[in-house]
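In case you want the letters, here they are:
Protein chains: 2
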Amino acid sequence: MSTRSYAILGTGAIGGFYGAKLQQLGIDVHFLLHSDYQQVCRQGLSIESPTGSFTLFPVQAYDNSHKMPACDVVIVALKTTQNHLLPQILPPLVKEDGVVLILQNGLGIEPLVAEIVNAKRVIGGLCFICSNKVGKGHIRHLDYGMITMGEYNENYQPGGITTRIKQIAEDFNNAGIPVELSENLLLARWKKLVWNIPYNGLSVVLNAKTDELMNAPDSRILVEEIMREVVKGAQGYDCMIPEEFIQKMLNHTEKMTPYLTSMKLDYDSKRPLEIEAIIGNPWRMATEKGVDLPYIEMLYRQLKFLDYQNRLV
Amino acid sequence: MSTRSYAILGTGAIGGFYGAKLQQLGIDVHFLLHSDYQQVCRQGLSIESPTGSFTLFPVQAYDNSHKMPACDVVIVALKTTQNHLLPQILPPLVKEDGVVLILQNGLGIEPLVAEIVNAKRVIGGLCFICSNKVGKGHIRHLDYGMITMGEYNENYQPGGITTRIKQIAEDFNNAGIPVELSENLLLARWKKLVWNIPYNGLSVVLNAKTDELMNAPDSRILVEEIMREVVKGAQGYDCMIPEEFIQKMLNHTEKMTPYLTSMKLDYDSKRPLEIEAIIGNPWRMATEKGVDLPYIEMLYRQLKFLDYQNRLV
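Going line by line, the protein sequences match chains A and B. Positions 1 to 313 (the numbering used here) are the ones given, in order, by the first sequence. Positions 1001 to 1313 (the numbering used here) are the ones given, in order, by the second sequence.
A portion of the hints provided could be inaccurate.
[Claimed, not checked] Computed cross-link-like contacts, DSS-like style, restricted to lysine-lysine with a CA-CA straight-line distance of at most 30 Å: (1) LYS1248/B / LYS1289/B; (2) LYS1270/B / LYS1192/B; (3) LYS1232/B / LYS1209/B; (4) LYS209/A / LYS79/A; (5) LYS232/A / LYS1232/B; (6) LYS1289/B / LYS232/A; (7) LYS1270/B / LYS1209/B; (8) LYS209/A / LYS1209/B; (9) LYS1079/B / LYS1232/B; (10) LYS270/A / LYS1270/B; (11) LYS248/A / LYS133/A; (12) LYS289/A / LYS79/A; (13) LYS1079/B / LYS1120/B; (14) LYS289/A / LYS1289/B; (15) LYS1232/B / LYS289/A; (16) LYS209/A / LYS1270/B; (17) LYS270/A / LYS1209/B.
Keep in mind that the hints were calculated from the coordinates and are not lab data. Since we're looking at a predicted model, the values are computed, not measured.
Please construct the entire structure, taking both the sequences and the accompanying hints into account.
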């Protein structure tokens, strides 16, 4: 049994699900909550899942990160739009030899966290999961769940597979979560963006589900053109994504159940959109390498406009 | 007094207003109507305008172009989405030495009409007017009204100022409509697109009025970038639009009363959008010259998607 302690920052669809699975295994898990705090203290944390539903009770729940103990693994599962809180939250929460595992979408978060806790203590993870928070302290896991994990090194230099990352992967594996270890976190992040940028972005701008984007000829062409731009951006960082990967993503999405992307769900609920992490940072990083991504730039500016208008009082 | 007869194809905001002004002057004008036919036969055609409101009665109204007499000047003022009707309507309607005057937005309409009636009988016109049809046979003219007119020659070769175009301009002038004659119709059309492409396109995609597009920093940048692409497209046809023109359009729009573009009005009423004339044709014409316009291409595909979804039953 693992003796590592975990802190979960952001007990939502991602953090709530993975944290609950770890605690179910008997691991010491501490959850930071905000609006669901009272509910979870009283009633626990409920997970609905095709792999087995359960309710955790009691839960080591906190409404303030300063009340939490320092942990071996601090999982960042906030929305990236909350990342401005990390400089205050993280330092006291990571043990001397502890690590921060970033389970967020997009690009360019690890360098920010490295500035706070040092690059040597940063691990990145990408979640391939369909999961939603459907009520206070109530998470509905629909499908998938795999995490791709990789060590972060300064400027995303490939990091190799370390012992500590294997140990963390083992905890997740024991909890029933498949983990794939990646020697090249940056490549893994760019690959995930091949899907995330076109579908998240266009679903908001065009008010559409994945199937609508795939069925109309012009939006389908646009999805593919945007995917090609992501691949070009990745090339600027020596991350080679083969053409087949684009075809695989298109085929996969065609077979999916019609799906509202997380950005579209945020938009419809008038929550702030993760535009910078998912679209702005990749676009700017490509630009820094002299790679022009006009479709992605346009998508970025359209989303910034829509997000702003969406949250005017 | 002019002895020229006029046919008006499309008695809406544009055709209705200009046709009524010509008839008010005593000119012989014949109006093709569709859904407003009965109303206009019974009650006439009403023009509300800051330059003087009036009702024409009786009106030489027709519900079928085949009942109309051949005229000296046939004004095409249909929505461009109706242009597939022109091969049937036009041939019998233009006198032997008559002309077709195209008062439509966008690019690439003159070559189509030239195929039907021969390039020698085609004149293009651009209307700078704020006018709406607000009810059956009821047109509200808000502001402006100038027409820029130019002879069409094959492949938009500059045409010079002919006697016949001066005569038509004189009819409009006498009716109180200022006319500017252009030796280069293609340049005039590209210049108008500098405004029409970004504002029409983005107003639909971003669900926004002109002032909202100008006030938010990202949409404003996008407007300007799209304007620059139009200028690049024009350059591919040796039509030189100076940088100052972009600044003039931006300043002008900033000072305008918040404005819903015609494409946005069409979208909100679930009418077909003039995507091909205003955006698709310019984009394809630039592409033919090897000029890449990615923002405009993306805007085109987004509009095609939205138009399609908008009119699904």
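Checklist line | Hint numbers contradicted by this structure | finding: Of the numbered hints given earlier, the structure breaks none, since each of them holds.
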